[in-house]
Amino acid sequence: MPNPSNDPSPDPSTSLIRFAAVQKTYDGEQLVVKDLNLAIEPGEFVTLLGPSGSGKTTCLMMLAGFEVPTSGDIFLRDQRLNSVPPHKRNFGMVFQNYALFPHMTVEENIRYPLKTRRLPAAEADRKVSEILDMIQLRDFAKRRPAQLSGGQQQRVALARSLVFEPQLVLMDEPLGALDKQLREQMQLEIKHLHEQLGLTVVFVTHDQSEALTMSDRVAVFNDGVIQQIDTPSNLYEYPANAFVAQFIGENNTLAGRVESVEGERCRARFGEGLATGALLGPGLGVGDATHLSIRPERVKLNGAARALPNRLPARVHEFIYLGDHLRVRCALPGNDDFVARVPVDDFDADMKPGDTIELGWRDEDVRALDAP
Amino acid sequence: MTSTTLDGGAAAPAEGNLKSRLRRAERLRKLKAIGLVAPLALFLVVVFVVPIGSMLLNSVDNGSLRQVMPQTASALAQWDGEGLPGEATFAAFAEELRDSRRGGGLGSVGRRLNYENPEYRGLLMRTLMGLPAESDDWRATLIDIDPAWGETATWRGIQAAAPPRTDRYLLASLDLERGADGEIQRVDQQDRLYQAVFQRTLVIAGGVTLICLALGFPLAYLLATLPAKTSNLLMILVLLPFWTSLLVRTAAWIILLQSNGLANQTLQTLGLIESPLQLVFNRTGVFFAMVHILLPFMVLPLYSVMKGISPSYQRAAVSLGAHPFAAFWQVYAPQTLSGVAAGTILVFIMALGYYITPALVGGPADQMVSYYVAYYTNTTNNWGMAAALGSILLAVTLLLYLVYHRLVNRKQLIGS
Numbered sequence: 001m002p003n004p005s006n007d008p009s010p011d012p013s014t015s016l017i018r019f020a021a022v023q024k025t026y027d028g029e030q031l032v033v034k035d036l037n038l039a040i041e042p043g044e045f046v047t048l049l050g051p052s053g054s055g056k057t058t059c060l061m062m063l064a065g066f067e068v069p070t071s072g073d074i075f076l077r078d079q080r081l082n083s084v085p086p087h088k089r090n091f092g093m094v095f096q097n098y099a100l101f102p103h104m105t106v107e108e109n110i111r112y113p114l115k116t117r118r119l120p121a122a123e124a125d126r127k128v129s130e131i132l133d134m135i136q137l138r139d140f141a142k143r144r145p146a147q148l149s150g151g152q153q154q155r156v157a158l159a160r161s162l163v164f165e166p167q168l169v170l171m172d173e174p175l176g177a178l179d180k181q182l183r184e185q186m187q188l189e190i191k192h193l194h195e196q197l198g199l200t201v202v203f204v205t206h207d208q209s210e211a212l213t214m215s216d217r218v219a220v221f222n223d224g225v226i227q228q229i230d231t232p233s234n235l236y237e238y239p240a241n242a243f244v245a246q247f248i249g250e251n252n253t254l255a256g257r258v259e260s261v262e263g264e265r266c267r268a269r270f271g272e273g274l275a276t277g278a279l280l281g282p283g284l285g286v287g288d289a290t291h292l293s294i295r296p297e298r299v300k301l302n303g304a305a306r307a308l309p310n311r312l313p314a315r316v317h318e319f320i321y322l323g324d325h326l327r328v329r330c331a332l333p334g335n336d337d338f339v340a341r342v343p344v345d346d347f348d349a350d351m352k353p354g355d356t357i358e359l360g361w362r363d364e365d366v367r368a369l370d371a372p
Numbered sequence: 373m374t375s376t377t378l379d380g381g382a383a384a385p386a387e388g389n390l391k392s393r394l395r396r397a398e399r400l401r402k403l404k405a406i407g408l409v410a411p412l413a414l415f416l417v418v419v420f421v422v423p424i425g426s427m428l429l430n431s432v433d434n435g436s437l438r439q440v441m442p443q444t445a446s447a448l449a450q451w452d453g454e455g456l457p458g459e460a461t462f463a464a465f466a467e468e469l470r471d472s473r474r475g476g477g478l479g480s481v482g483r484r485l486n487y488e489n490p491e492y493r494g495l496l497m498r499t500l501m502g503l504p505a506e507s508d509d510w511r512a513t514l515i516d517i518d519p520a521w522g523e524t525a526t527w528r529g530i531q532a533a534a535p536p537r538t539d540r541y542l543l544a545s546l547d548l549e550r551g552a553d554g555e556i557q558r559v560d561q562q563d564r565l566y567q568a569v570f571q572r573t574l575v576i577a578g579g580v581t582l583i584c585l586a587l588g589f590p591l592a593y594l595l596a597t598l599p600a601k602t603s604n605l606l607m608i609l610v611l612l613p614f615w616t617s618l619l620v621r622t623a624a625w626i627i628l629l630q631s632n633g634l635a636n637q638t639l640q641t642l643g644l645i646e647s648p649l650q651l652v653f654n655r656t657g658v659f660f661a662m663v664h665i666l667l668p669f670m671v672l673p674l675y676s677v678m679k680g681i682s683p684s685y686q687r688a689a690v691s692l693g694a695h696p697f698a699a700f701w702q703v704y705a706p707q708t709l710s711g712v713a714a715g716t717i718l719v720f721i722m723a724l725g726y727y728i729t730p731a732l733v734g735g736p737a738d739q740m741v742s743y744y745v746a747y748y749t750n751t752t753n754n755w756g757m758a759a760a761l762g763s764i765l766l767a768v769t770l771l772l773y774l775v776y777h778r779l780v781n782r783k784q785l786i787g788s
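Protein chains in written order, with our numbering: chain A, 1 to 372; chain B, 373 to 788.
To be clear, the hints were calculated from the coordinates, so they are not data collected in a lab.
Heads up, a few of these hints could be off.
[Unchecked claim] When the alpha-carbon atoms are kept at most 25 Å apart in a straight line, the in silico SDA-like pairs for lysine to any residue are as follows: (1) K601/B to E29/A; (2) K115/A to A705/B; (3) K88/A to P683/B; (4) K115/A to P683/B; (5) K352/A to P333/A; (6) K679/B to N604/B.
Construct the entire structure; sequences and hints are all you get.
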């Protein structure tokens, strides 16, 4: 099991990109980005994840050079980037709507960055040809973007941002316009490209499953602050606060208070006179208000719950059948909408809405987190 | 084999049935659509198609002689043009000349014949005065009244007005005429006018269009990129000229630009010029006033196209290594082409027909085709020339439009 307290941030001296105490405001009143510190290693796939308005796109735009930090510095290795204009940064960028030039063919689009770099024609031809093969759109080279499907346009945009071998690739919600199936396929394609070509990628999305699928590390943004930056598994298993727990994956929350602390474990009271063991989150002590976070798949029902240390009765609202599993929505003291996730095979067919059942979980399945 | 044939046979009628059912289902919708369009279509036919058609006909119409003197006209149509026409023609002419006074047809015949030679109206009047009630020999009588009737040229002139259609107006509009032998030739040097007028019209319209594009493109770009609040205010300023009458705006330019007007006084006060510049009643004044009036017609189509171009295209180009200027010209400007096309063609075609503004703020050498159209309709009542000038302007405009359309379409983006 990875140690949650271990800081996964890389050593700043080796990093490719470094944000140092960056702040950004548009109107001079409200900070969109508050004191951002972030280091990105060469070859890393880092995702900036957060709800809209959380400052993640602003960070990407500052990195691309389209926005200027109000204060603080951005470094590329040891070069200060703040005053480097965007067309001299040599970063590839994929835009949300692809921004393929509609009056140019696929080939002309891909050749554009080579043209601006005045590459010799023969070399440009070779590179365009190679990348057309890589994205498997050789037959579409003479078409215009409007004649391509969404997925094909996405691949062209990707090829255009990679063909000049940039030192960093920025992606601004590039998969937002695709349907679910195509999006999942493109997620894997981008991930594989990243691995094959050893790219360094900064990817912006508001879709947490996209972030978990593709990234080496995910920075969860909220309210202009990085709430947590960690590997996907650590984010899910060891959320640093209630926002991250709620934003990443499905989560049940119980509002309570820390009663006693024992090493990394604690006991917390919630509802009316109920208590559970839990893993103690960062920055909490005895008497602090806490949000107890429990993943639905860790909650056991009836028979399976009998041997567990924390048990309590709940009343069933409804069952939702989802093929491979069932979701049981129930009410317990302190949470009217508590969800348990049960494999279909383990489900007792006699249960009906309105029944009282017993729920149970282990101490280590609960995290006591900062109440926001 | 059998089953295939059967299947095919069964499928075909079913398909036809489906098509007819579709037609029936769509019929009501089609009727509704026609009903919605009908008033406008009718309006267009009445005020647009019919007048233009009649104008085109007027430019080749030669009916005035045939209407007033049908027998003379048909008799002369058969004359070989040698010597003098026969006695029957003389008799018919004398008869119809006398009758023409009553119907008021004499005026229109006189006007029409005067285009051939300005002597005719006087000749007809003199002849009518001296015309006896009866005569045995009309030829001798007429020659007796005026010896001109004994000349072949006199009768040839009338013969030229006899056919129902003529190309003389169209030819005259291009400084051409038919010589004595019927061949098309250029008119005498000192009579040439219209080729220069058409050329001038195209130059003024083209110049106004280019100035409008040069001024309107940056303005439209600014409007399209500014925040909505500011751009709305600026848009009101762009549209402001529409709220004032064309005449008022043109007169205002005269006041501003005249020798002791605001513009000259300011320049003199600033010490930039010694004596007043001639800014109005010449080509400069025409350009000032016409650009001012036509600028919104350039800005609006450009603005609407630019508004639809996402700023991410330029950002993408910059992120790919293009200097912002290069990104603008290589990526943004080509996408505005449809707006440029719409704006320039709109301004150019409107400018071609300008009449009041050049008449008020231009000099004699700045009058455009429409001025002469107005002159022929209002002053000399020569509908043939007015219609011919109008038709040729229409033809030139359509031709230019087709060429332009083809050029722009070739460069135009596919789809998107």
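Structure-based check of all given hints:
no.: 1; hint: K601/B to E29/A; verdict: 20 Å, holds
no.: 2; hint: K115/A to A705/B; verdict: 18 Å, holds
no.: 3; hint: K88/A to P683/B; verdict: 19 Å, holds
no.: 4; hint: K115/A to P683/B; verdict: 21 Å, holds
no.: 5; hint: K352/A to P333/A; verdict: 20 Å, holds
no.: 6; hint: K679/B to N604/B; verdict: 13 Å, holds
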